[in-house]
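Chemist: This is what each chain is made of:
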Amino acid sequence: MTDGESDVADAGFDEWLAAAADGDATYLECANGHGSLPPRRVCPDCGSTDLAEADLPDTGDVRTFTVTHVPTPAFAEDAPYATAVVDFGPVSLTGQLVGIDLEDVETGLTVELEITVSETTGERVLSLRPV
Amino acid sequence: MSNVRVAGTGLTSFGNSPERTSRDLFAEASITAFEDSEVPREDVEAVLYGNFMGELSEHQGHQGPLMAEAAGVQAPATRYESACASSGTAVREAVTRIRNGENDVLLVGGAERMTNLGTAGATEALAIAADDLWEVRAGVTFPGAYALMARAYFEEFGGEREDLAHIAVKNHENALSNDKAQYQKAIDVSDVLEAPPVSEPLGLYDACPISDGASALVLTSESYADDHDLEAPVSITGTGQGGDRMALHDREHLARSPAAREAGEEAYADAGVDAGDVDLAEVHDCFTIAEVLALEALDLEPIGEGISAARDGRTTGDGETPINLSGGLKAKGHPVGATGASQIAEVTDLLAGEHPNSEYVDGATTGVAHNAGGTVASATVHVLEVSDR
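These protein sequence lines map, in sequence, to chains G and Z.
Following UniProt numbering from start to finish, the first sequence increments by one per residue and tops out at 131.
Following UniProt numbering from start to finish, the second sequence increments by one per residue and tops out at 389.
Bound conformation, chain G alone (with noise of 0.2 Å):
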């Protein structure tokens, strides 16, 4: 649940959003070359344990897109937005697309991540802006 910011933190996927929003987002690679996103002891691909993080690239292209009007209530004011499923090669993300009008959004769009922040509960947000 997402309901303000007394909440604890969730470790590894705090860590990750909040280096994420300085510009450094990783992703986990493991030692077959399999990618995965953190946080996760184990590759889910073949099990392996020996993780090292890696930098994520720095675009990905939307693999497929929807426009959501009826939101949880953790996104009420946000509502309409785009979200989408972006291919950054070693990982896929989901995130929201932002700066864009959302007639506009097609699938191969190049975007890059950014953090962005919940009109609804001011908590941060996974997006993806189009370079």
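Hints in this document: simulated from the structure, not taken from any laboratory.
Part of the chain Z face toward chain G, derived, beta carbon under 10 Å:
id	residue
1	Ala-120
2	Glu-124
3	Ala-127
4	Leu-133
5	Pro-196
6	Leu-204
Where is the CB? At the ideal position from N, CA and C, for every residue including glycine.
With chain G's structure known, arrange chain Z on it following the hints.
Modeler: Just chain Z now, kept in the frame of chain G:
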């Protein structure tokens, strides 16, 4: 290996009854199932119960023993939670137990109370079937996740909203004769296309409703059914379960359901049938696109062609393989924890000739029930066959 007989089925009406507790709903469904089966409650050896959002909707965990009590059964009881596949997994566990000789009589089912949460609350509760850190916190809703898959399908295989609309129209048509269905109202393609958008390209009529309801099954071993002269012509002859990565973005394909394929292949092999033997199916159509993905995963349609099945009449009541003759989740309703077992009940009644829509499948011997959890990170498939025809 011994088959598992469906001795009794019980369903409440699915729909809008925010004042009714899950225990009240499950009590009603179980009473019907016991009456239908003529099995005495004291013969039940365990209760296997599916529920997803009880903590959020009723502030109630530990629902297994509560529901055994509501059903008047004194036996060990366990709750199974696998999002929208909760009671499908409960059925699978029951089948396994009866087959391996552990039990002869089980009460299996599920219930969900949802409408008391309102639309926003239910949307939030359903969203927790997705990855909280990486999907929900980015604003992914349940309709939103299926919308991501719908657009990916259109991009990869073609198709458009109008094709999906025919699925909604078909399932509403099927529900007209089902007096337990939430929507007994015919709609047309323009109704679907003109409905308010929920998560584009999906609109209000592409989505199943928020529902309250319960389902119950009395399952027995073949030997128990024979020894007690039960009238139970339908058996569960195959069971399968598949799994996939939790978050949609972690999957290779956004427009396919590998978990459902895995579950289907396992269930078909277990029953010794293939897709060509299937006379009818109840598939998990929480959104119109979900029916397309299910048909393709179950090999009832080739990959990329499921989108046209309803429009071209292959899956309508008078088509070659009628799909969701109950009305499906789309029109019958989707009280999440109740759905998987309710699909088994519908297939059983259709095969036994006891369903309002049995006329469409006269002489049918083989049916399939497909139950999916989340964006199909979980899936169960069961094959049901008429034993004595």
